[in-house]
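Asks: Sequence:
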Amino acid sequence: MAMFPSTPQPQDTPWGAPQSADQLLPGIWLVETASHGGLMLSAARQGAMPDALRREDGIYEEDCDWALPVLGFEAEFALAARTPAGWVQLAHDTARMWHPDAYMAFTGTTLTPSDSYVLKEREAYRERIGRIVVRSAYGSWADWVPEGKTGVVGAPLEGVNHLAQPRYGAATYRGLCDAAAYDARSRPVAFDELGVELLDEPSTVAPAA
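Mapping the sequence shown onto my numbering, position 57 (from 1) lands on 57, and the numbers just tick up by one.
Rather than coming from a laboratory, the hints here were simulated on the basis of the structure. From a predicted model like this one, the values you see are computed outputs, not experimental measurements. Where a beta carbon is used, it is the ideal one built from N, C-alpha and C, also for glycine. Take the hints with a grain of salt, since some may be wrong.
[To be verified] FRET-style restraints, in silico, Cβ to Cβ:
1. 181 with 127: 14 to 20 Å
2. 8 with 192: 56 to 62 Å
3. 148 with 80: 41 to 47 Å
4. 141 with 63: 32 to 38 Å
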């Protein structure tokens, strides 16, 4: 097992000045600020990160990315007294859910959409590429939506990236569908799945995401 030197506490982070900092392993700091936090790696640690798990900046935010260095140095974290209970297993679960491509490349495991939120969302969007997909909806409180209907605004789905973030065309479509059908929808959902009745010609002003 490689040896890494301890490093000074970070004095600044991408989220502001740290309010607390804990060196979990030599060269790996868990930092917290008033707004956010995560793991910050020394240059030596960052250089030793497996290619499949490495982020370019050595910063691994606390929502999802923190799991990557925990997996990268799993053997050390499993033995370290400062590792929070259950952290290693949680890192596997988090990476599998939110970084499935990196997880599969690193572990050699094959994941399916049922194993990962990102894979499930990505597959759902890919199935709807080329169709008009709902981006926002309005109830009968809107002056253009009658009782029993839901007003929907959508755009042509052009693609989806590896993080399951969709890319839409500029044209915007507006229409009505049965409110019960909308309430029972999957996500994402296309106009044709809801039987949407178009109200007007498409505009080129995209709705808010």
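Asks: Name the hints, by number, that the structure is in violation of.
Replies: Violated: hint 3 alone.
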